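> Letter by letter, the chains look like this.
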Amino acid sequence: MNSETGNDQKTNMKLELSGIRQGYGSKIIVEDINMSVESGEVVTILGPNGSGKSTLIKTMCNIMEPKAGTITIDDVNISDIDKKEFAKIVGYVPQHTIYFGQSSVYDSVLLGRKPYTDWSYSREDINIAAEAMIRMNIDDLYDRPVSELSGGQVQRVSLARALAQNPRFYIFDEPTSALDLRNQLDTLKVMRRIIKENGASMVMAMHDLNLALRYSDKVLALKDGQVYGFGAAEAIITEEMIKDVYGVDSQIMDSPKGKFIYAFDDDAAKVL
Amino acid sequence: MSEKGDNRIRLGDLIRNRIDEDTFEGKYNASIRRRVLFILSLIIISIALFFVSVGLGAVNISLKDTLKVFGQLILPDTIKVFCYLFLPSLMEMPSVHAADILLASRMPRVVLVIFTGFSLGVAGMIMQGLLRNPLVSPFTLGVSTAASFGAAMSIVFGSSIFGNLMYTVVTIGTVKFDIGDMITVLFAFVFAMLSIIIILMLTKGKNTSRSMVILSGVVISYLFQAGVMASKYISDDEQLREITLWIMGSMAGATWGIILILLPIVVICSILLFKVSMDVNALSAGDDVASNLGVNVSSLRKKSLVISTLMTSACLAFTGVIGFIGLMAPHICRMIIGNDSRYLMPAAGFMGVVILLISDLFCRLIIRPGELPVGIVMYVIGGIFFIWMISNRKWSQRI
Chain A
1 MNSETGNDQK TNMKLELSGI RQGYGSKIIV EDINMSVESG EVVTILGPNG SGKSTLIKTM
61 CNIMEPKAGT ITIDDVNISD IDKKEFAKIV GYVPQHTIYF GQSSVYDSVL LGRKPYTDWS
121 YSREDINIAA EAMIRMNIDD LYDRPVSELS GGQVQRVSLA RALAQNPRFY IFDEPTSALD
181 LRNQLDTLKV MRRIIKENGA SMVMAMHDLN LALRYSDKVL ALKDGQVYGF GAAEAIITEE
241 MIKDVYGVDS QIMDSPKGKF IYAFDDDAAK VL
Chain B
273 MSEKGDNRIR LGDLIRNRID EDTFEGKYNA SIRRRVLFIL SLIIISIALF FVSVGLGAVN
333 ISLKDTLKVF GQLILPDTIK VFCYLFLPSL MEMPSVHAAD ILLASRMPRV VLVIFTGFSL
393 GVAGMIMQGL LRNPLVSPFT LGVSTAASFG AAMSIVFGSS IFGNLMYTVV TIGTVKFDIG
453 DMITVLFAFV FAMLSIIIIL MLTKGKNTSR SMVILSGVVI SYLFQAGVMA SKYISDDEQL
513 REITLWIMGS MAGATWGIIL ILLPIVVICS ILLFKVSMDV NALSAGDDVA SNLGVNVSSL
573 RKKSLVISTL MTSACLAFTG VIGFIGLMAP HICRMIIGND SRYLMPAAGF MGVVILLISD
633 LFCRLIIRPG ELPVGIVMYV IGGIFFIWMI SNRKWSQRI
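These protein sequence lines map, in sequence, to chains A and B. So for the first sequence, the numbering used here puts the first residue at 1; every next one is plus one. So for the second sequence, the numbering used here puts the first residue at 273; every next one is plus one.
Treat the hints as calculated values from the structure; they're not laboratory data. Treat each hint with caution, since some may be false.
Looking from chain A toward chain B, a few residues come up when the C-beta cut is under 10 Å (computed) [as the list claims (entries may be wrong)]:
hint	residue
1	G101
2	L110
3	K114
4	M133
5	Y142
6	D143
Computed cross-link-like contacts, PhoX-like style, restricted to lysine-lysine with a CA-CA straight-line distance of at most 25 Å [claimed, not checked]:
hint	chain 1	residue 1	chain 2	residue 2
7	B	K547	A	K84
8	B	K574	B	K476
9	B	K547	A	K83
10	B	K340	B	K352
11	A	K259	A	K243
12	B	K575	A	K84
13	B	K476	A	K67
14	B	K340	A	K88
15	B	K575	A	K83
16	B	K574	A	K83
17	B	K476	A	K27
Every value quoted in this text rests on a predicted model; they were computed, and no experiment measured them. Cβ atoms here follow ideal geometry from the backbone N, Cα and C, with glycine treated the same way.
Okay, chain A solo, but in the shape it has when bound (with noise of 0.2 Å):
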């Protein structure tokens, strides 16, 4: 894709987040997070429920703003770039989209041209989104409604939403939690090779510990708003992080695929 699809994708950036506290009135969901992203990278941020990913996940979106700390990309804070420009270089798909109305599934992806746009779509951005559809294996599904379609089919349509943006940072909220196993390993593998290849980022919040492992490079784990560790995939995802966060026991046993993690729980073995 060429600089005028989108960014100029070969610069490296950087997202990084400083003492970020964040909560809904008085409660404090978050509290200093500090991470960064660069370009080429995956991270994951892992979590048991309610450890506030999505709270940490609409902040980096600038959609909520941090009660304090800072979020800058390439040392500029986010709250100061202009909203259509920061469209184009952060990308969001939450974990549930409900669509309203009749949108059919091409228009919902073409949204993601909204911000290269005024008024009307570009012939290209036509191209962009049809590409986006098909690399996210929905493009036969185009002229359908999205409010017709299964859970996992609306989570594609939304991933695909976020490709046609073409942002440098795609962050997405359990992108693969509506999803088979096949589309699962398909949707990351294709955006571990979007990512590799245009040198963009990823960040994404998972429950799946064992996709984490195998995509991506580093994991921001998170236990009670605070963060537990960060830094690269193999050092953070360990049996004793895995007790310590969840509370659960396991075992990260080697295959010669690479590793996996067995979770065991003792009690419920009693009962089975």
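Knowing the structure of chain A, use the given hints to seat chain B on it.
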């Protein structure tokens, strides 16, 4: 990349069939062509209905005579002179009577119908998109009732607050402007805005369900209805009749003065709403995604709700409560051309025009030479549509 001009999609190409439907671009363009053709056909139907509508009534005026009167009005002098010289039969004027009926009474009435239908269709569509709720319309949000309460207030209390100003008539050129009319619009707008502000306050929390919004609208309608009843109770006989007619919704009070007040309001509001239609599209994927796509969600929602409320309340101030058009027109169009606001907005507007023109025509013809207030017919058609909508499986799933 080649020149920028090549990148554009030309409307002419879309309509003249130069589309390769095997490519995704072609498939998309074909869908755009369908949408554009749908809007064009609605415009053509509206124009046809306009001529039928000005012709039919207590006194029927033939299409030929109607066209002659328009010709006299619109055509430049050179063409008129040409016609006098070479086609004298064309220039024989129909009776003065016909021209009078057309210009003084039918025309302003039909134009008022068009403005009102268009405003309600557009406002309903925009409000549905902004609140992401298919049951929303000016009527179901209580805006219509609030506007009629405002109008009733100005009818009852106008003269005691503004004194003779209520009866002042300003004449600009040949058109008379009633200051009282303008005050009525203002009152209708203020109270309609009040209803929207109450709705926004009641539904501020993020977890507001769709039915909560509708229930708030119902409650607000009741409150303002109480107000209307109170103002009826304290009004004198003449005011009572005026208020009652108002609430039924009727186009009978149309004058050129009213049309000229509404013209700038409807045109400017429509353009402003048309300009944000792309942002409304982004909202279809939710507030957070729209925000990520560069839309300032809360400002868009507030501004567009104010604009659409202004447009509808201004029209309703002169017509009274016209229910359900803002609900029906957008839905019918959504079913046919999908959800893209850039096309849905004009489509819903002209669909509103078509529905209201047919209903108004029906009201004028059914008990000739008398007429039925169009509001009554709209309640019946709209009520049936609403029941169909919530009982239809395909639709009720999304509600």
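> Now tell me, hint by hint, if it's right for this structure.
Hint-by-hint comparison with the structure:
no.	hint	verdict
1	G101	holds (4 Å)
2	L110	holds (8 Å)
3	K114	holds (5 Å)
4	M133	holds (8 Å)
5	Y142	holds (7 Å)
6	D143	holds (7 Å)
7	K547/B to K84/A	holds (16 Å)
8	K574/B to K476/B	holds (12 Å)
9	K547/B to K83/A	holds (18 Å)
10	K340/B to K352/B	holds (11 Å)
11	K259/A to K243/A	holds (18 Å)
12	K575/B to K84/A	holds (19 Å)
13	K476/B to K67/A	holds (21 Å)
14	K340/B to K88/A	violated (57 Å)
15	K575/B to K83/A	holds (18 Å)
16	K574/B to K83/A	holds (18 Å)
17	K476/B to K27/A	holds (19 Å)
The structure is inconsistent with hint 14 alone, although it conforms to all the rest.
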